[in-house]
Amino acid sequence: MQVSETQDQERRRDRRHPASCEFRVWQLLVLSPDRKKEELTHARVKNISKGGVCVVTDRPINGTYPVRCELIISEVPVPLPLIMKVRWTQSISRGREHTIGLQFLL
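In terms of my numbering, the sequence shown opens at residue 1071 and continues consecutively.
Treat the hints as calculated values from the structure; they're not laboratory data.
Just so you know, these numbers come straight off a predicted model, no measurement behind them.
Heads up, the beta-carbon is just placed ideally off N, CA and C, and yes, glycines get one too.
Check before you lean on any hint, since a few could be wrong.
Stated by the list, open to error - Computed Cβ-Cβ distance ranges for the label pairs, DEER-style:
{"no.": "1", "residue 1": "Gly1165", "residue 2": "Glu1145", "range": "18 to 28 Å"}
{"no.": "2", "residue 1": "Ile1153", "residue 2": "Val1126", "range": "14 to 24 Å"}
{"no.": "3", "residue 1": "Pro1088", "residue 2": "Asp1128", "range": "28 to 38 Å"}
{"no.": "4", "residue 1": "Pro1147", "residue 2": "Arg1083", "range": "17 to 27 Å"}
{"no.": "5", "residue 1": "Arg1164", "residue 2": "Lys1120", "range": "31 to 41 Å"}
{"no.": "6", "residue 1": "Arg1085", "residue 2": "Ile1143", "range": "12 to 22 Å"}
{"no.": "7", "residue 1": "Arg1164", "residue 2": "His1112", "range": "28 to 38 Å"}
{"no.": "8", "residue 1": "Val1146", "residue 2": "Lys1120", "range": "25 to 35 Å"}
{"no.": "9", "residue 1": "His1112", "residue 2": "Phe1174", "range": "16 to 26 Å"}
{"no.": "10", "residue 1": "Gln1173", "residue 2": "Ser1090", "range": "25 to 35 Å"}
{"no.": "11", "residue 1": "Leu1175", "residue 2": "Glu1109", "range": "31 to 41 Å"}
Said to hold, decoys possible - Simulated pairs of lysine to any residue, SDA-like, Cα-Cα distance not exceeding 20 Å:
{"no.": "12", "residue 1": "Lys1116", "residue 2": "Glu1092"}
{"no.": "13", "residue 1": "Lys1120", "residue 2": "Leu1150"}
{"no.": "14", "residue 1": "Lys1155", "residue 2": "Pro1130"}
{"no.": "15", "residue 1": "Lys1120", "residue 2": "Glu1167"}
{"no.": "16", "residue 1": "Lys1116", "residue 2": "Ser1144"}
{"no.": "17", "residue 1": "Lys1116", "residue 2": "Arg1129"}
{"no.": "18", "residue 1": "Lys1155", "residue 2": "Arg1114"}
{"no.": "19", "residue 1": "Lys1120", "residue 2": "Arg1166"}
{"no.": "20", "residue 1": "Lys1155", "residue 2": "Gly1133"}
{"no.": "21", "residue 1": "Lys1116", "residue 2": "Leu1098"}
{"no.": "22", "residue 1": "Lys1120", "residue 2": "Ser1163"}
{"no.": "23", "residue 1": "Lys1155", "residue 2": "Gly1122"}
{"no.": "24", "residue 1": "Lys1120", "residue 2": "Arg1157"}
{"no.": "25", "residue 1": "Lys1116", "residue 2": "Thr1159"}
{"no.": "26", "residue 1": "Lys1155", "residue 2": "His1168"}
{"no.": "27", "residue 1": "Lys1120", "residue 2": "Ser1161"}
{"no.": "28", "residue 1": "Lys1155", "residue 2": "Val1126"}
{"no.": "29", "residue 1": "Lys1120", "residue 2": "Val1146"}
{"no.": "30", "residue 1": "Lys1155", "residue 2": "Leu1141"}
{"no.": "31", "residue 1": "Lys1155", "residue 2": "Glu1145"}
{"no.": "32", "residue 1": "Lys1116", "residue 2": "Arg1085"}
{"no.": "33", "residue 1": "Lys1116", "residue 2": "Leu1141"}
{"no.": "34", "residue 1": "Lys1120", "residue 2": "Ile1153"}
Make a model of the complete structure from these sequences and hints.
Put into structure tokens, the structure is as follows:
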């Protein structure tokens, strides 16, 4: 699922807006093979669009199943729950960080 920057630019349908907020990801329990409610990763939002978000994290996210996410915006008192699908991943910083594109499903 890795993409080059040129391919990424060509695919974009919606304008990206820079953002910097907290983001959390869990497997959906109903789809998770082991049914464990454990956080997959904690990330920072890099940008957001009408169709999804781009996040940076220290762990890759498996794109096999939709994931449950929370977008934490400092000005909003509660996290925003989301169901998303991993569209692409890119390893950066020699594999120490990962940029991940997620699409809103709901």
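Against the structure, the hints:
In this structure the hint that glycine 1165 and glutamate 1145 lie 18 to 28 Å apart at CB is violated, the actual value being about 34 Å. Between isoleucine 1153 and valine 1126 the Cβ separation comes to about 21 Å, which falls inside the hinted range of 14 to 24 Å. Judged by the Cβ atoms, the range 28 to 38 Å given for proline 1088 and aspartate 1128 is violated: they are separated by roughly 21 Å. Between proline 1147 and arginine 1083 the beta carbons are some 32 Å apart, a value that contradicts the proposed interval 17 to 27 Å.
Between arginine 1164 and lysine 1120, the C-beta spacing of about 33 Å keeps the proposed range 31 to 41 Å intact. Checked against the hint of 12 to 22 Å, the pair arginine 1085 and isoleucine 1143 passes, with Cβ atoms roughly 19 Å apart. Our hint of 28 to 38 Å for arginine 1164 and histidine 1112 is violated, since their Cβ atoms are close to 20 Å apart. Range check, valine 1146 to lysine 1120: Cβ separation about 18 Å, and the 25 to 35 Å hint is violated.
Distance hint for histidine 1112 and phenylalanine 1174: a CB-CB separation of about 19 Å, consistent with the stated range 16 to 26 Å. A beta carbon spacing of about 20 Å between glutamine 1173 and serine 1090 contradicts the range 25 to 35 Å that was offered as a hint. Against the hinted window of 31 to 41 Å, the Cβ-Cβ separation of leucine 1175 and glutamate 1109 comes to about 19 Å, which falls outside the hint. Between lysine 1116 and glutamate 1092, the direct Cα distance comes to roughly 10 Å. Compliance with the 20 Å bound is thereby established for this hinted pair.
For the hint pairing lysine 1120 with leucine 1150, the CA-to-CA distance comes to about 15 Å; that is within 20 Å, so the pair holds. Under the criterion of a C-alpha separation no larger than 20 Å, the hint pairing lysine 1155 with proline 1130 is consistent with the structure, at around 13 Å. For the hint pairing lysine 1120 with glutamate 1167, the CA-to-CA distance comes to about 25 Å; that exceeds 20 Å, so the pair is violated. For the given pair, lysine 1116 sits about 15 Å from serine 1144 by alpha-carbon distance, which is consistent with the 20 Å threshold.
Between lysine 1116 and arginine 1129 the alpha-carbon distance is near 15 Å, which keeps this suggested pair within the 20 Å criterion. For the proposed pair lysine 1155 and arginine 1114, the alpha carbon gap of about 17 Å is at most 20 Å, so the pair holds. Annotation: proposed proximity of lysine 1120 to arginine 1166 is violated, straight-line Cα distance about 28 Å (limit 20 Å). In summary, the hint linking lysine 1155 to glycine 1133 is supported, as the alpha carbons are separated by about 7 Å, within the 20 Å threshold.
Between lysine 1116 and leucine 1098 the alpha-carbon distance is near 23 Å, which puts this suggested pair outside the 20 Å criterion. A C-alpha spacing of about 28 Å is found between lysine 1120 and serine 1163, which places the hinted pair above 20 Å, so the restraint is violated. Pair hint lysine 1155 plus glycine 1122 holds up; C-alpha atoms about 9 Å apart against a cutoff of 20 Å. For the hint linking lysine 1120 to arginine 1157, the alpha-carbon distance of about 15 Å falls within 20 Å, and the restraint holds.
Note on lysine 1116 and threonine 1159: the hinted pairing holds, with a Cα-Cα distance of about 13 Å set against a maximum of 20 Å. Distance check on the hinted pair: lysine 1155 and histidine 1168 sit about 16 Å apart at the alpha-carbon level, within 20 Å; holds. Between lysine 1120 and serine 1161, the direct Cα distance comes to roughly 24 Å. Violation of the 20 Å bound is thereby established for this hinted pair. For the hint pairing lysine 1155 with valine 1126, the CA-to-CA distance comes to about 15 Å; that is within 20 Å, so the pair holds.
Using a Cα cut-off of 20 Å, the hinted pair lysine 1120 and valine 1146 holds, with the two alpha carbons roughly 19 Å apart. Between lysine 1155 and leucine 1141 the CA atoms are separated by roughly 14 Å; this keeps the pair inside 20 Å, and the hint holds. With a C-alpha separation of about 26 Å, the suggested pairing of lysine 1155 with glutamate 1145 is violated against the 20 Å cut-off. Between the alpha carbons of lysine 1116 and arginine 1085 the distance comes to roughly 13 Å, so the proposed pair stays at or under 20 Å and holds.
Our distance criterion of 20 Å between C-alpha atoms is met by lysine 1116 and leucine 1141, whose separation comes to about 12 Å. With a C-alpha separation of about 14 Å, the suggested pairing of lysine 1120 with isoleucine 1153 holds against the 20 Å cut-off.
Violation of the numbered hints given earlier is confined to hints 1, 3, 4, 7, 8, 10, 11, 15, 19, 21, 22, 27, 31; the remaining hints are satisfied by the structure.
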